[in-house]
Structures are given as C-alpha cells and as structure tokens.
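A.B. asks: The two chains are supplied separately, each in an independent frame; assemble them into the complex guided by the hints.
Protein sequence lines correspond, in order, to chains H and S. If you're matching positions, the first sequence starts at 1 in the working numbering and goes up one per residue. If you're matching positions, the second sequence starts at 1 in the working numbering and goes up one per residue.
Honestly, the hints are just simulated from the structure, not real lab data. Everything hinted at is true.
Label-pair ranges, simulated between beta-carbon atoms:
(1) S182/S to G317/H: 57 to 63 Å
(2) S4/S to G317/H: 51 to 57 Å
(3) K104/H to G141/S: 44 to 50 Å
(4) A183/S to R59/H: 23 to 29 Å
(5) L132/S to K104/H: 48 to 54 Å
(6) T262/H to T87/S: 55 to 61 Å
(7) A169/H to F25/S: 51 to 57 Å
(8) A183/S to T91/H: 22 to 28 Å
(9) A13/S to G69/H: 54 to 60 Å
(10) V20/S to P88/H: 32 to 38 Å
(11) T91/H to L255/S: 34 to 40 Å
Just so it is clear, CB atoms sit at the ideal spot from N, CA and C, and this is done for glycine as well.
Residue strings, one per chain:
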Amino acid sequence: MVEVRVENVRKTYGRVEALRGVSLNFRSGALTAILGPSGCGKTTLLRSIAGFIAVDAGRILFDTEEVGGLPPQRRGTAMVFQNYALWPHMTIFENVGYGLRLQKVPADEVRRRVRKVLELVEIGNLADVESRRPSALSGGQQQRVALARALVVEPKVLLMDEPLSNLDAKVRQRLRVELRRLQKQVGITAIYVTHDQEEALALADTVVLMDQGMIVQAGTPQEIYLKPTTAFAAEFLGVSNQLEGEVTDGKLVVGGQSIPYTGAARGRVTVIFRASDIQMEEPSAPPRAGTVALTGVLEESLFLGAHYRHYIRLAGGMVMADSPDLRRPGPVRPVLPVEKVPVYGEQAT
Amino acid sequence: MRPSLRIASLIIALPPLAIVVWLFFIPFLSSAHLSFLREDQWTLRNYSLVWRLYRYDILYTLWIAFVSLAAVLLIAVLLCGYLRVHTNKPVEFLFKIPLFIPFVVVGHAMRVLLAPKGTLNSVLSQVGLINLNDPPSIAFGWMGIAVSLIWKNLALAVLLVLGAYRSVDETYLEAARNFGASAFRQIRDILLPMSAASLAVAGAFMFTSMLASFSVPLMIGSGEPPQMVMIDVYYRINYQGDYGTANALGVVSYLLAMGVAGYYLRTITQKET
Numbered sequence: 001m002v003e004v005r006v007e008n009v010r011k012t013y014g015r016v017e018a019l020r021g022v023s024l025n026f027r028s029g030a031l032t033a034i035l036g037p038s039g040c041g042k043t044t045l046l047r048s049i050a051g052f053i054a055v056d057a058g059r060i061l062f063d064t065e066e067v068g069g070l071p072p073q074r075r076g077t078a079m080v081f082q083n084y085a086l087w088p089h090m091t092i093f094e095n096v097g098y099g100l101r102l103q104k105v106p107a108d109e110v111r112r113r114v115r116k117v118l119e120l121v122e123i124g125n126l127a128d129v130e131s132r133r134p135s136a137l138s139g140g141q142q143q144r145v146a147l148a149r150a151l152v153v154e155p156k157v158l159l160m161d162e163p164l165s166n167l168d169a170k171v172r173q174r175l176r177v178e179l180r181r182l183q184k185q186v187g188i189t190a191i192y193v194t195h196d197q198e199e200a201l202a203l204a205d206t207v208v209l210m211d212q213g214m215i216v217q218a219g220t221p222q223e224i225y226l227k228p229t230t231a232f233a234a235e236f237l238g239v240s241n242q243l244e245g246e247v248t249d250g251k252l253v254v255g256g257q258s259i260p261y262t263g264a265a266r267g268r269v270t271v272i273f274r275a276s277d278i279q280m281e282e283p284s285a286p287p288r289a290g291t292v293a294l295t296g297v298l299e300e301s302l303f304l305g306a307h308y309r310h311y312i313r314l315a316g317g318m319v320m321a322d323s324p325d326l327r328r329p330g331p332v333r334p335v336l337p338v339e340k341v342p343v344y345g346e347q348a349t
Numbered sequence: 001m002r003p004s005l006r007i008a009s010l011i012i013a014l015p016p017l018a019i020v021v022w023l024f025f026i027p028f029l030s031s032a033h034l035s036f037l038r039e040d041q042w043t044l045r046n047y048s049l050v051w052r053l054y055r056y057d058i059l060y061t062l063w064i065a066f067v068s069l070a071a072v073l074l075i076a077v078l079l080c081g082y083l084r085v086h087t088n089k090p091v092e093f094l095f096k097i098p099l100f101i102p103f104v105v106v107g108h109a110m111r112v113l114l115a116p117k118g119t120l121n122s123v124l125s126q127v128g129l130i131n132l133n134d135p136p137s138i139a140f141g142w143m144g145i146a147v148s149l150i151w152k153n154l155a156l157a158v159l160l161v162l163g164a165y166r167s168v169d170e171t172y173l174e175a176a177r178n179f180g181a182s183a184f185r186q187i188r189d190i191l192l193p194m195s196a197a198s199l200a201v202a203g204a205f206m207f208t209s210m211l212a213s214f215s216v217p218l219m220i221g222s223g224e225p226p227q228m229v230m231i232d233v234y235y236r237i238n239y240q241g242d243y244g245t246a247n248a249l250g251v252v253s254y255l256l257a258m259g260v261a262g263y264y265l266r267t268i269t270q271k272e273t
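In isolation and in its complexed conformation, chain S is listed as follows (with noise of 0.2 Å):
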C-alpha cells in the first residue's frame, strides 16, 4: 500500500476507532480498575459480594437470555424459511413492526397485555378458560422478561435471518425442491446449514442484547429477587452509591458477552479472509 492511502486509510478508520476508544474501551478500563477498589483500597471484596449476593441473578440473567434466544432463532428460522419459500410481504411486515418499538413501550405493552388482570387474562376469561378471580400470571416473572424479549428481538432476527436466507440462491432451493423436498426440508437441509455463520452472527447480537435487558425486566419483572444484573447494577449505583460493585458486576456482565462477541469476530474475520 503507498503511504498516502495508507494516511487516508487511518483518516477514514479513525472516527470509529476513537468513538470504540472513547465510549467503550476507556470506560471499560475504568470499570475493570474501579471494580478493584473499595475505599481507595484494592481489594477482591466487591467479586465476594457480586458471588454471595448476585450469582443466582447473573444465573437468571444467563437463563432468559438463553431461553429467549433459543425460543427467537427457533421461531426466526422456521418463519423464515416460510417466507422465503413463499414469498408474504404483509406477514413479513407484520413481523417487523416491533423494530420500530422502544423497549420501554415493549415493557408497557406486555404489561397491559400479560397482567393478571391484563388483556390476555380478560379474553381468555370471556372464552371461560381462566377464572379471573384467580388469575395466572405471565408478567412480573422470567416469562414475561422472556415473551417481551422474544417479541422485540424478533423483528430483529426475522430482519437478519431472512437477509441470509435470500442470499442463497433460488437454484439451490429448486435442486431440492425438484426431488420433491417440503418446504421443512428445504429449511433443514438448505436455508439453514448454507445460512448457519449469518444465523451465529444474529444470535451473538442478540444474546449481547438480551445480557443487557433494562427497561423491559425493570417495567415487567416481580421487583423481587431475582433480577437481571442490569437491574442490579441500577439499584447498586443509585440506591447504595456502591459503584465498586456496580463495575464488578458490569466487568462480570462483559465476560459473559465478550465470549459470543469473540466468536461473533471470528466469523466475520473467516468470512473476509
């Protein structure tokens, strides 16, 4: 490379690279170095409290973000696969919609809809299938964390999913289809192996995305124990001032993302290589 487009090579990378350096790395940095300190002191106790007091939350956390992913790309591939077989645009659209939706007015949404005495509960009273008197409740615990999670990540995936779906090209799908595969079997056996780095990809966006989950466990989930760490990170700071083990539990949060990041990574790098 001449050293001229090497200098605007640097130009042109160096915005994001300082926007990374400046908003994420420095304060990573900051986070890593203060969750070592108590009183001035270093010390290992704010890892001891974020172990005795936040194990089973950051467990809790791990369990949605797991369970509600797993639940996205499941319904992300097989949607998918549908509407890339046969083509649906207002389905398509549909699904999409919650893209457009802040994750506060998600959290209300499912509120009004999986409350006790919410809109679900009341339509399925009206059809006699609960008694409204005792009614269950999908809101203030991990499912409703989950559903709401799933609803707004699914416009997401469909987004993503699809794009790697329609980038496989129609012959490989009509070579199946010509042997007489169903469209299930040409989303196991084509879609979803020649599609798999995009669909990794998607999940580790999302699984970061979910780790992060504020506004919707805050506005739907029971206010009790357990919480998802960002919650807990929340009430450390701005209920106790303890910001020692708010950064413990930030760096341990970082951890847990960084593995999904790392192979998010991988991927792109094996791609353009």
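For reference, chain H alone in the conformation it holds in the complex (with noise of 0.2 Å):
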C-alpha cells in the first residue's frame, strides 16, 4: 500500500490552465474521489498520475519514490477506464491476462491468476464467461471484467476514470457497493474520478471536490456534504437552495427578511441550504429562537416517491421544500435552523 503525494502540480492545454497548482494527499489504502463538474482537471490529474500525461511543473510521489518522469508502466499504477476500453478483439481470460502474459508469468500461473481474480469480482459462471468477447456480456459485466484487469497486476494504486458513468442507474448502485467491498478487501490506495456526487460520497474515504483546476474543498463525505466551505461547494454537492443577500451592520437582509448576523461575511452574499432542512409552519404560527423564518407562497408541490417537493415563492426567488406531507398552495412559512444556513461571501464562490 502506497501514499500518493502531489505537489504543485501545473498543467496547461495550450492558454487552457487544466491543472492549477494541485497539492495533493492520497491516503495509504483508502479510496479518494476526485469529484468535480466537466472539465474542472480532474481526469487530467488522474492521468497525470497514471502517466499519460506530463506534467508541466510540480512533483508526484508514490511514498517517497518521484515518479513524475517514469512512463506508465513503471508506476505500477493500473487504470479501469469510463469505456472499459476491453479489448474486443481479445477474449475476457485474454484481456484479464494480457498484463501478466506481458510480465512473462508462466501460463499455469496467469491461469490460475485470472481465475482468481475473476472469482473476485464475482463475474458469474467462469467456464462460461472466460472464452467469451467482451461484447458478449453487459455493461456491468464489462466493468467487473475491466476491475479483474487492474487488479490481476496487483498494482501499487488502482485509478478509475468515472468507471460506472456508462451504466444504468440500479447497475450502477450495486457496482458502487461491489466496488467498495473490493477496495477494502484487496486493501489497495484508490484514487476514483467522477462528477456524481452521490457516487462519491458514497464511495470514498476522502473526497476531493474540484473546480477550475484547483482543490476547493477535500474531507470525509460528512464533512464535505454537511459543511461545504464555499457556495460552489454546497452547490455542487446538490444543496438545492440559494438566495442572494446583503449583509450589512450585523444584520442579513435575505428574503425580504432581515436576520441578526455574526459571521464573516460582508456586502452581498449568497445564502444555500437544502430543502430537507425547511421546515414550513403557518404564517400565523409565533417565531421561534434560532430558527429563520422567511415569508412565502406555496406555489406547487410534486410527489416524488419518498416525500413531496414544495416550490414556494420569497420576495428574493423560489425555493424548494421536502416534506412527508401534501399541502394546499397558499401563504406558508418556511423556517430553518440558524446554524443550517450558511451564508459565503462573493469572494468565497
């Protein structure tokens, strides 16, 4: 197991800034995502460290060994990409094997290899599976297929490129899972790309979120779900609320309401927060202490499975409500706790 380091690491793509000075920790054994919406650098960082990419300044480390100026196959580094990229022509026990046959391990040896890993990541009846063409079998099949690959090397640190993007929705939530019980069993350093942020927080030991070629934000998936520092942060990660506001003399004008203020931020703010948090009361009903109360009208509400989804109408803009009830259109309160409104600063974003 191999702490991945990067240093400072710049890349440019023509007057493209991809990679903006990128510093960087990849735990020993855990799995980090690199989450971040299209274009943010955060496939270029990963083939950055697979190789496929040099850098334009800034140092690598797998532990203490530099392995900026090594070609791919010297990282030990092994790659499962978005397309699978299985070789078609190829059967499954060739493409499996074809990394151990270019190692020159004995034939027996890459046999019993690939039956293993195989075996490991659950691909069904091997007899059957082995002799077949990757188009053979189905996206999830192919990805499993494009996992044994990887690890049948037994690499240093195993990347992944959006590996379950091409899947159905209910494929991919059980190759999520599938994948994380691998990663822990094989107990290897895992650095995985996506844009979904669902997958990531779902997935990762450490997520790392990215924008514009820089690190925003990198925590636990608590830390980044519950606390995100920045409003590109809280937005990116589905808060699905935002209001503009002022903050002036200690008080945050928002909604057509002006709130007692304390925090940092100065001059015109953001202010985001989740719809699971708004609570919505009569407009009638008493204020409450440490709550925001802002004025509203309940416009429309749709039922989406697990709850109903309020739309209701502030003075600064529309904002969505869950809840396990169905209410009737009208004058409503929505209220939320102070501490679950964070409010950025335009700087910040």
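C.D. replies: Quick look at the structure:
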C-alpha cells in the first residue's frame, strides 16, 4: 500500500490551465474520490498520476519515490476506464491475462491468477464467461472484467476514471457497493474520478472537490456534505436552494427578511440551504428562537415517491422544501435552523 | 419506405449506377463476348493463346503484385503504428507525397534512381560499395517494378492504415501501455487486430491497382518476357491488332481481381449490417 502525494502540479493546454498548482495527499489503502464538474481538471489529475500526461510543473510521489518522470508501466498503477477499454478481439481470459503475459508470467500461473481475480469480482459462470468476447457481456459485467484486468497485476495504486458512468442507475448502485467491498478487501490505494456527488459520497473515504483546475475542498464525505466551505461546494453537493442576500451592520437581509448576523461575510452574499432542512409553518405561528423564518407562497407540490417537493415563492426568488405530507397552495412560512443557513461571501464562490 | 422516398433514392443512385453500367459492366460484357470470338467464329483459341503465350506473364504479374502488396502492408503496418503511437507530422507528410505524383513520373524517377548507371549506383560507387564498370541493376526487372509500386502505393497505404489506426480509441492503447506494452506490442496486439478489416480493404484496393499497372512496368520493365499482363494487352492491340487475345487477357485479369473485389464487398457489407 502506497501513499500518493501530488505537490503543486500544473498542466496547461494551450491557453487553458487544466491544473493550477494542485497539492494533495492520497492516503494509503484508502479510496479517494476526485469530484467535480466537466472540465474541472479531475481527469487530467488522474491521467497525470497514471503517467499518460506529462505535467508542466510539480512533483508526483508514491511514498518517497518521485514517479513524475517514469512511463506509465513503471509507476505500478492500473487504470479502469470509463468506456471499459476491453480489447474487443480478445476473449475475457485474454483481456484479463494480458498484463501478466507482458510480465512473462508462466501460463499456469496466468490461468490461476486470472480465475482468482474473476472470482473476486464475481463475474458469474467462470467457464462460460472467460472464453467469451467483451461484446457478449452486459455493461456491468464488462466493467467487472475491466476491474479484474486492473487488479490482476496487483498494482500499487488503482485509478478509476468514471468507471460506472456508462451503466444504468440500478447496475451503478449495485456495482458501487461491490467496488467499495473489493477495495477494502484488497486494501489498495484507490483514486476514483467522478462527476456524480452521490457516488463520491457513497464510495470514498476522502472526497476531493475540484473546480477550474484547483482543489476547492477535501475531507470526509460527511464533512464535505454537511460543511461545504464555499457556495460552489454547497451548490455542487446538491444543496438545492440558493438565495442572494446582503450583510450590513450585523444584519443579513435575505428573502425579504432582516435577521441578526454575526459571521464574517460582508456585502453581497449567497445563502445556500437544503430542501430537507426547511420546515413549513403557518404564517400565523409565533416565531421561534434559533430559527430563520421567511415569508412566502406555496405554489406547487410534486410527489417524488419518498416525499413531496414543495415550490415556495419568496420575495428574493423560489425555494424548494421537502416534507412527507402534501400541503395546500397558499401563504406559508418556511423556517430554517440558524446553523443550517450558511452564508457565503462573494469572494468565496 | 414511402414511394416518394424510394423514387428520390433511385434518382440519387442512378448516376453512379449508370457510370458503373456504362463504363464497366457493358465494356466487361463486350470484352468477355469478344474474347470468345475469332474471325466472327465462337472459339476458345484466344484462351489457348493466353495459356500458351502468357501463362508465365500472369504468374509474373501475380508475383509482383503479391510481393509489392506484402511489402507495402508490412511497412505501412509498422510505420503507421509508430506514427499512431508517436505522432510525427513531417514524417507522415513525407510518406504521403507519392499520392500526388503520377505513375509515369514515378516510373521515370525510378529509372533515374535504379538504372545500372543511375543515382543509387553512383552514390554506392562513390562510397566504394560497388564497381560502376559492372554495376548491379535493380531497374529493368521485377525488382525495379516492385520497388516503384511499393513506393507509389505506400502513400495510399499510409493514408488508409493510419486512418484505421486513428479510429481505434486512445484508451485501448493506454490500457495496453499501462501494463507495459511497447510500441511494437501495441501495434501487434491492439492496433493490427482492431484494424484488420480496414487493412484487408486497403490491401484489396492496392492489389487490384497493382495488377493493372501499366506505365510503371512499361518504363522500368526489361522490355523482354516475362511482362506484366497490361503490357501484353497493349502489345496485342497496338502491334498485332489482336483484340480477341487482348480481351481474353482482360477477362483473366478481371477474374484475378474479382476474388479480391468480392472480399472487399463482403467486408463493407458486413460492416454496414
């Protein structure tokens, strides 16, 4: 198990800065998810670690060994690709055993290790599957084979580039659990790139959020989800409500209401909160201490299966609130606990 | 399909179809017909002449076409593999230059280069490798024709094979490189098998073109038997006015090319279905 360290890594494509001085530690034996929108630099970072891209500046270390100048095969990484990249002209057995054959492992040993790893990824009927071509397998099975191909060479670091994004939702959720189980079982240092926040939170020991070639926030899934440090982080992590406001003289003016504010932000601010944190009260209900009460009109409620989603128009915009019960349209008071109303200054976004 | 669409499709398909019928199918039928006639009598004498006089020329033509094709494909497979793995635009351009050079010019250039007292031998004699009083000659024989055809066709091969290689997604190569596959292993294990159908099609194109070579063997051949088949057709018509035997030679050439064309058609229809 190795620790991967990235120090002040920069990469530029023409005039586009894909990585702008990224520094990060990937804990040994842990699964780290790099999360971010398209074009944020997450895949560039992964491919730099793999050795497919030469960085312009900075260092990449596996424990104490600097690997920045080494070709991909000498870094001891194995990559799982978004499109699986299984060679269509080879059988499953040949695909999985290819890396071992390149290492000149004896044929008997190749057979033993390929079968073992295919059992590990629970491919199903081994005798039947190993002689088939990739096109004869389902997407989920193909991704299991791709994972087996990467694991069979016993890499120091497992790199995964959106490995589940080509699969349908049901298969993706099942494979997510199995990926987690496999990574823990093998105990390998794994880096997982995704744009799906739910996937990152469910899978990872550590989540790294990236935007515009920089790291926005890194922490445990709980920290990232519950305490986003910027408006971008909050918005990207699915915090669904966003209101513009202003802080002046110890007061936060938001949604047509002025409330006491003791935080650091000043001037124009963004207030971001979850739909699930809003409680809806009657407009005539007395105000409660430690809450922020807004004034609005419930316009519409949609049934989403597990709960209803209510659309409430405020003076400063529209917010969404989730609750288990259906409510009639009309005046309503959305109420939020003060600690669940993070305020972000403009410079933080 | 709606009737209006069907009519529109037919109108679109009509011009190329008419060209094929007019320039290829009718001349072929006419040629096949004339190959069985001699002094207005139905006969197999033209074919017996072909067998008696030209069977070695046919073998000679096939030999040159196969050797040249094998050499072109071998060079193109390795060269394009290298260019696919390590992009090198200037080298790629240099190899594509012969695309823009007519066959006649290729023939002349190779005469100048490969003749007994040509440029190549002059250079070799300067460095003491050969004696110009008794110079070896690559020109005026099958090797000269093959070298010319290889150089000329390599450009087309590079165009087609590189195109096929470039349609192989980069991740397939990265997956192999990740495990330590060298450039040669990436070509042999990944690029070549994944482009096999395109390679076969390129091979079919070049083989039929080589079978029909005329200006290159005329300019760089020995002028003595054995000759390539198209030269025989030319002499049969122009010097002996013997259209019957010329047509029989044409039909034989067609049959040689037809096997390859059949393979080509099967490959493209399999791809499209």
